[in-house]
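Participant: Residue numbers (this note's numbering), protein chains in the order written: chain A, 1 to 93; chain B, 1 to 93; chain C, 1 to 93; chain D, 1 to 93.
A few of these clues could be false.
Because identical chains cannot be distinguished in the list, a pair is counted as satisfied if it fits within a single copy or across any two copies.
Simulated crosslink set (DSSO-like; lysine-lysine; CA at most 27 Å straight-line) [what the hints assert, rightly or not]: (1) Lys35 with Lys58; (2) Lys83 with Lys35; (3) Lys69 with Lys90; (4) Lys83 with Lys65; (5) Lys65 with Lys31; (6) Lys35 with Lys90; (7) Lys83 with Lys69; (8) Lys90 with Lys65; (9) Lys31 with Lys69; (10) Lys57 with Lys31; (11) Lys90 with Lys57.
Please keep in mind that the hints were generated in silico from the structure rather than gathered at the bench.
4 protein chains.
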Amino acid sequence: MAVAELCLFPLGTESPSVGRYLEPVIEVIEKSGLKYMVCPMGTVVEGSVDEILELVKKCHEAILKAGAKRVVISLKIDDRIDKPLSIEGKLGV
Amino acid sequence: MAVAELCLFPLGTESPSVGRYLEPVIEVIEKSGLKYMVCPMGTVVEGSVDEILELVKKCHEAILKAGAKRVVISLKIDDRIDKPLSIEGKLGV
Amino acid sequence: MAVAELCLFPLGTESPSVGRYLEPVIEVIEKSGLKYMVCPMGTVVEGSVDEILELVKKCHEAILKAGAKRVVISLKIDDRIDKPLSIEGKLGV
Amino acid sequence: MAVAELCLFPLGTESPSVGRYLEPVIEVIEKSGLKYMVCPMGTVVEGSVDEILELVKKCHEAILKAGAKRVVISLKIDDRIDKPLSIEGKLGV
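Based on the provided sequences and hints, a complete structural model is requested.
Facilitator: See below:
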């Protein structure tokens with residue numbers, strides 16, 4: 001299992017408050033069935049790298065559907081093969 | 001107040017487990033007096049941009065002091081002037 | 001077309017010099033047929049979001065095959081639907 | 001010498017085209033005297049960690065002065081103490 005943080009920023013939205021573009025993204029993450037944790041600077045998910053990349057694709061579609069004309073997606077994946085990784089394990093530092 | 005996420009990766013450590021390099025970094029964040037939250041993919045802090053950059057400097061020193069020969073520092077700052085920003089506020093998105 | 005920057009850091013490699021883990025990654029990018037540009041802090045590619053995510057998957061496989069036990073992948077995608085995006089266009093900012 | 005990539009995204013601009021907010025940022029980088037390279041997904045600079053963080057502070061001020069109400073700053077620093085690092089050296093992979 002890998003752990004990843006995903007963050008989407010819609011650009012050109014008129015208002016600096018972008019929550020209404022992010023709500024459908026959180027819904028997509030919720031529906032994915034992957035374990036996740038909403039953090040202040042992004043949403044952290046736990047899954048295989050394939051599952052995570054598939055989720056990024058769906059989040060991208062969701063934010064465009066919500067009306068974003070431009071989006072910056074920031075993704076950071078941590079994966080290791082010598083030991084299991086998990087959201088909980090990583091919270092223990 | 002800005003909210004930022006800070007993440008340090010020591011490279012070239014013998015083991016893929018890098019917790020012992022990160023413990024002194026967390027201590028530095030704790031001592032800074034800034035409000036912070038340990039998240040699975042980094043530590044989130046709340047403060048002025050100046051305070052955050054000053055903290056990055058100290059974390060960089062701490063990880064080198066802990067023996068890292070190479071470090072990648074990843075920082076993402078969210079700052080707005082039209083409305084107050086806070087860790088708590090951003091968790092409500 | 002979206003433009004993305006991809007960066008992989010192997011952790012726990014004994015030496016802080018990690019070029020030998022990155023060479024096979026650059027090869028995978030080269031073979032993908034996507035337009036790309038090697039930059040100092042990552043490799044920039046141009047393609048659809050699907051093509052980019054597919055490439056990330058292959059780069060992840062390549063760095064594990066090269067012997068990395070743990071890897072941090074950092075990806076930033078810029079996509080817009082109101083105008084064409086390209087590596088060349090973004091260099092003109 | 002460390003090498004860093006700096007990227008600023010103004011949020012809540014009326015248009016998804018944000019070049020006019022970034023021009024003053026590039027000017028600040030130019031005036032800093034640090035070696036730099038404009039890349040498609042950010043600007044890469046070479047300097048000490050202190051110099052880089054000082055520059056981030058000035059870029060942040062410049063983008064607010066240019067009228068941004070909200071900004072996301074993304075910074076990635078690569079620093080090593082066992083060997084010299086440079087923009088040119090990193091382009092050699």
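Participant: Now, for every hint given, state plainly whether the structure supports it.
Facilitator: Structure-based check of each hint:
1. Lys35 with Lys58: Close inside one copy (16 Å) and across copies (24 Å); limit 27 Å.
2. Lys83 with Lys35: The answer is within: 18 Å in one copy meets 27 Å, while 32 Å across copies does not.
3. Lys69 with Lys90: between (35 Å within a copy, 17 Å between copies)
4. Lys83 with Lys65: between (38 Å within a copy, 17 Å between copies)
5. Lys65 with Lys31: within (16 Å within a copy, 32 Å between copies)
6. Lys35 with Lys90: both (14 Å within a copy, 20 Å between copies)
7. Lys83 with Lys69: between (41 Å within a copy, 9 Å between copies)
8. Lys90 with Lys65: between (33 Å within a copy, 23 Å between copies)
9. Lys31 with Lys69: within (24 Å within a copy, 31 Å between copies)
10. Lys57 with Lys31: both (14 Å within a copy, 22 Å between copies)
11. Lys90 with Lys57: Answer is both: 25 Å inside a copy and 22 Å across each meet the 27 Å cutoff.
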